Amino acid sequence: MHLAYPAVLAALLFCTGLYGVLARRNAILVLMSVELMLNAVNLNLVAFDVWLRDALHSGQALTLFTIAIAAAEIGIGLAIVLAVYRNRGSSDIDRLRDTAETDAAEALPDDESGTGTEDQATAAAGKAKKAEATA
Amino acid sequence: MTLAATAAHAALAAHPAPSGFLSPTGVEIAFLLVGIATLGAALVTVTTKQLVHAALWLVVALGGLAVEYLLLTAEFIAWVQVLIYVGSVVVLLLFGLMLTRAPIGRSPDADSGNRWAALGVAVAAAGALVWVVVDAFRTTWIDLDGPAQGSTEATGSFLFRHWVLPFEALSVLLLAALVGAIVLSRKRGKEQS
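If you read the protein sequences in the order shown, they are chains A and B.
So in the numbering used here, spot 36 of the first sequence is number 36, and the numbers just go up one at a time.
Add 135 to the 1-based position in the second sequence for the numbering used here, that's all there is to it.
Incorrect hints may have been included.
Said to hold, decoys possible - Stretch by stretch, here's where chain B covers chain A in the computed footprint (C-beta under 8 Å, at least three residues):
# : stretch
1 : 1-9
2 : 33-46
3 : 49-62
4 : 70-83
Don't read these hints as lab results, they were simulated from the structure.
Note that the structure is predicted; figures quoted are calculated from it, not measured.
Positions of the beta carbon are idealized from the N, C-alpha and C atoms, including for glycine.
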């Protein structure tokens, strides 16, 4: 088999995941895109391991380790997303702006949706905290 | 994306290689077809407006990758992929979608405002990566003959002969992740308030 087939497929899958990470708003969809990127890396590892016929089979061993670490990552990531959702009532990552550097960046992109008042309350709380920190 | 892949393959065909690019083997044809299906499912996963459908299309993409592992003779990894990704990770994602009360129908704000910038970055990265990879490996062939290199016997042999210590360290990491996930998602008890 030509090595370019798995290599090109892995590159395109990685870029698909990259687009998802940058473009998605829901935190769980971002986690799905991260899974796509990890799988692209796994495909590269397996293809190059089969090509090189490594005596230690490093590629396949690292693929198994990556799969296990991805499982741990998705567990921790979902726990964090659930905690954020429980505290804020939303898991949209472009609404979590408490650590924004400037007041202009702290303004929410679109406040016309139903959860606007909650977000404004949390933003005000964050601003008050920042004022305490600077005082 | 598949257009870029076919263009890259056309560029490859201009340089005749010893095994002959214009007469692909059956394994290559199968790999290409499953790869197109996998890539299409991945694209639908990152572009669909329905959140639950994104998780279900992710199943198709990950299952297609398992078939690709089988075609590369990595059998054990293919079944691990089916068990862990399709079996548990996607179920976890679906539970996460349900617990955050994701809307069932179409949600118009699934994509954030920087979608076009993200598209530009992704297309630029895809072009650069595909160009580099095709240019570097245009005369490289994988020899798939002989005994399978990823059969369960071979996998057990190299995993428990050469990789025992990382394997055990990984079990500690999984335990830590388990405890961490429980601590993070637990509701605060009375001793905290």
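> Hint numbers the structure violates, sorted upward?
Replying inline: none
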